[in-house]
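In our numbering, the protein residues as written are 45 to 254.
These are calculated hints, taken from the structure and not from any lab test. Don't take each hint at face value.
Stated by the list, open to error - Derived SDA-like pairs: lysine to any residue, alpha-carbon spacing no greater than 20 angstroms straight-line:
no. : residue 1 : residue 2
1   : Lys150    : Glu98
2   : Lys224    : Gly206
3   : Lys224    : Glu98
4   : Lys224    : Thr241
5   : Lys135    : Glu98
Said to hold, decoys possible - Quick list of simulated restraints, FRET-style, between CB atoms:
no. : residue 1 : residue 2 : range
6   : Lys224    : Glu105    : 32 to 38 angstroms
7   : Ile223    : Ala97     : 47 to 53 angstroms
8   : Ala188    : Thr113    : 39 to 45 angstroms
9   : Ile223    : Gln93     : 20 to 26 angstroms
10  : Leu220    : Thr182    : 28 to 34 angstroms
11  : Gly212    : Glu184    : 45 to 51 angstroms
12  : Asn248    : Ala66     : 18 to 24 angstroms
13  : Arg91     : Lys116    : 21 to 27 angstroms
14  : Asp237    : Leu208    : 36 to 42 angstroms
15  : Asp215    : Gly181    : 54 to 60 angstroms
16  : Leu220    : Ala87     : 35 to 41 angstroms
17  : Gln218    : Asn100    : 34 to 40 angstroms
Yeah, the Cβ is synthetic: ideal placement off N, Cα and C, and Gly gets one too.
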Amino acid sequence: MNYFSLFSPAFEFRVLFARHCAIFGEAVTLLQAVCADYAEASAKCQRIQALAAEGNANTHEIDRQLSLTLIKPVDRQGICDLNRAFEEALKAVKAVAVRIRLYGLKEPRSAAKDLASTLREITGEIERLLSQLETKGTGEESRANIRRLRNEADMLLLVAVGELYETGPLDPAQLLDLIKWAQLFDRIEEAIDRAGTIAEVIENVLLRNV
């Protein structure tokens, strides 16, 4: 039986998780746009923060529904883990957006653009993985793609951070800019890791329900 089967108590959660996925997807798409072009960056980052608030409300609604639903412990744990994973991933994306607004960086770096694009690709695979909970699929192709994308992100981060420290002597303003970018790359890495956790939780649920 597929996880969100009509005959499963978990069925009613499918809409709430689809909403989680849509909110996270929109936030990541906006972050990708900001990292490519700082035009209207403030408005886009504000929208990401608003989406984080929507995601938080959805998290609480899933918790509320879970407290009212008679469901097997193993299914309850899967729903709880997936709910927390989406919550933490959205927080991580919000943290990137907050810092972009706060730091007043003059222009985006190509590495940030590439990393945000990779995060968006991972999000697309998460959307496909989540649909497998309704179709009784294994998500094998998406799982493999996510592993590949996370490895690519690791390499991009290594190069990006290395490039920060390859510059010559810096004046105070340049040094401050370097510190800001180092912190921003750290937050982008966190967002990618949290997105990977969503995929891992879905994978565990899929494997338990094969």
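Evaluation of the provided hints:
no.: 1; hint: Lys150 with Glu98; verdict: violated (30 angstroms)
no.: 2; hint: Lys224 with Gly206; verdict: holds (15 angstroms)
no.: 3; hint: Lys224 with Glu98; verdict: violated (28 angstroms)
no.: 4; hint: Lys224 with Thr241; verdict: violated (26 angstroms)
no.: 5; hint: Lys135 with Glu98; verdict: holds (11 angstroms)
no.: 6; hint: Lys224 with Glu105: 32 to 38 angstroms; verdict: holds (36 angstroms)
no.: 7; hint: Ile223 with Ala97: 47 to 53 angstroms; verdict: violated (29 angstroms)
no.: 8; hint: Ala188 with Thr113: 39 to 45 angstroms; verdict: violated (33 angstroms)
no.: 9; hint: Ile223 with Gln93: 20 to 26 angstroms; verdict: holds (23 angstroms)
no.: 10; hint: Leu220 with Thr182: 28 to 34 angstroms; verdict: violated (48 angstroms)
no.: 11; hint: Gly212 with Glu184: 45 to 51 angstroms; verdict: holds (48 angstroms)
no.: 12; hint: Asn248 with Ala66: 18 to 24 angstroms; verdict: holds (22 angstroms)
no.: 13; hint: Arg91 with Lys116: 21 to 27 angstroms; verdict: violated (38 angstroms)
no.: 14; hint: Asp237 with Leu208: 36 to 42 angstroms; verdict: violated (20 angstroms)
no.: 15; hint: Asp215 with Gly181: 54 to 60 angstroms; verdict: holds (55 angstroms)
no.: 16; hint: Leu220 with Ala87: 35 to 41 angstroms; verdict: violated (25 angstroms)
no.: 17; hint: Gln218 with Asn100: 34 to 40 angstroms; verdict: holds (37 angstroms)
Hint violations for this structure: numbers 1, 3, 4, 7, 8, 10, 13, 14, 16, all remaining hints satisfied.
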